[in-house]
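From just these sequences and the hints, can you work out the full model?
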Amino acid sequence: MIELLNISKSFAGQKVLNDISTVFDKGKTNLIIGQSGSGKTVLMKCCIGLLDIDEGIINFDELCFSDLSIKKKRTTRKKMGVLFQGGALFDSFTVEENVMFPLNMFTTMSLEEKLDRVNYVLKKVNLVNANHKYPSEISGGMTKRVAIARAIALNPQYLFCDEPNSGLDPKTAEVIDALISDLTHEFQMTTVVNTHDMNSVLQIGQKIAFLYQGDLWWEGDKDEILKTDNKELNDFVFSTELTRRIK
Amino acid sequence: MKTFNEIGAYVLLMFQAFKRPDKGRVFRRQLMMDFEALGTNSLGLIIILSLFFGAIIAIQMAYNIDNPMIPLKTIGFSTRQMMIVEFAPTIMSLILAGKVGSSIASEIGSMRVTEQIDALEVMGINPANYLILPKITASMIYNPILMVFSIVVGIFGGWLAMIVTGLSSSVAFIEGVRSWYDPFTVTYAIIKTLVFAFIIASVSGYKGYTVKGGSVEVGKASTQAVVYSSILIIVFDLILTQMLLT
Ligand SMILES: Nc1ncnc2c1ncn2[C@@H]1O[C@H](COP(=O)(O)OP(=O)(O)OP(=O)(O)O)[C@@H](O)[C@H]1O
Ligand SMILES: [Mg+2]
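As you go down the protein sequences, you meet chains Z and V in turn. The first sequence begins at 1 in the numbering used here and counts up one residue at a time. The second sequence begins at 1001 in the numbering used here and counts up one residue at a time.
Keep in mind the hints are simulated off the structure, nothing from the lab. Ideal Cβ placement from N, Cα and C applies to all residues, glycine included. Just so you know, not all the hints are guaranteed correct.
Quick partial rundown of chain V residues pointing at chain Z, CB under 8 Å, derived from the structure [claimed, not checked]:
#: 1; residue: 1023
#: 2; residue: 1024
#: 3; residue: 1115
#: 4; residue: 1118
#: 5; residue: 1121
#: 6; residue: 1124
#: 7; residue: 1129
#: 8; residue: 1165
Right under this line is the structure:
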């Protein structure tokens, strides 16, 4: 469980997050949705401590994360898996080395055990026969999948995914969503996913937080979101011709 | 004010970098890669430049001492002395600041702008320690080796030039190289090389690590890395020379 209490963040006087309080539950896929520029990435980076918050408190289960020193934050981060919006693979390493990297850093496994684990997670994200390719030699969607594989290599307790399926075809996007959802339930992780893809919202949105211009505008689940009469949320949900007609 | 902030940020980053590495084996592997990237790949350049520089010093000395009162062995002596006290430590470091400094800054800088450093950070790794410490260590071990190569090859270049041009005999040159030898000059050269190696790797690492923005800023940072390290090298050359030789 991750608890946010009254989080605020500004950049050079411009307020990006405004007094946000919410809870991301354990064993559930928690979604943060909102338009481009609404502050999703900033909120996620505040949660993992890459950006310092101006005000508020962030608790990871019993631990008050936002008050920790950098050294203690790093210790806590070993229990987190993070997927960045751009993938952030190490470009001097191959796919296999990228996924193996956290295992090299934090485990005492033998090479065979590590290779087993790497191939297991790569198979989970549907990537075989790409082990020895470099990030510059694989497609955007493959980059995302390798990044997910790296994020889950150590069986994290907390999983953060920033737009895991943007730039993927609908079929692969669904596979990724299903994967994130399965992993969450299987390992009882606390998963936070940033997205603006309504398909994901309806597929895996067990808990949804809607950000609008830096405010937490609405909270609910995937069934409630279709029935809401909140104007800004409706504009977001039914933004395409297709969805409007269906409604 | 801005300068003071930068010095402060630089010192803090060095404190972060000089921590015990999380995993010894991973550190050693990084170190090996940096030996190759920062050291071995510069060997050819250093050898060519030193060869020519040694030859040029010897020929210039030969023309300048066109006076029967000055013994011919002065040529060998001066070539050796110039290589040891100035060319091998300082000029070579300035050249490496251009070659190695810009590559460190752009490598680390592009990792910063593509969030690879953030990815290290959220894995619970100390990125400064993981990225910068091996580069500083590799430079401080390898640059003195490059320096020794530079001295030897430079003196050889001077000797070769004398043979080819006939400006001095081989015997006189070698006698000069062996005259008035003071071992402290080599110590002095090694100290300078170590300090300059630290400056190159740490300043370039700092410049790359603190890039904000995109590829344009990475380019700027790598230029600044070269400019700052070169200036610091010359300033510290003066300071160290004053401290050690007087
Ligand atoms: N480092 C920064 N410095 C200044 N402003 C920033 C910084 N990072 C983000 N912002 C601003 O914060 C706002 C929210 O950005 P954020 O990246 O969180 O959007 P997002 O919801 O993730 O959008 P997208 O869906 O396009 O990824 C934007 O207006 C952006 O300009
Ligand atoms: Mg974003």
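- Message: Flag every earlier hint the structure violates by its number, smallest first.
- Response: The structure conflicts with hints 2, 7 and 8, although it agrees with all the remaining ones.
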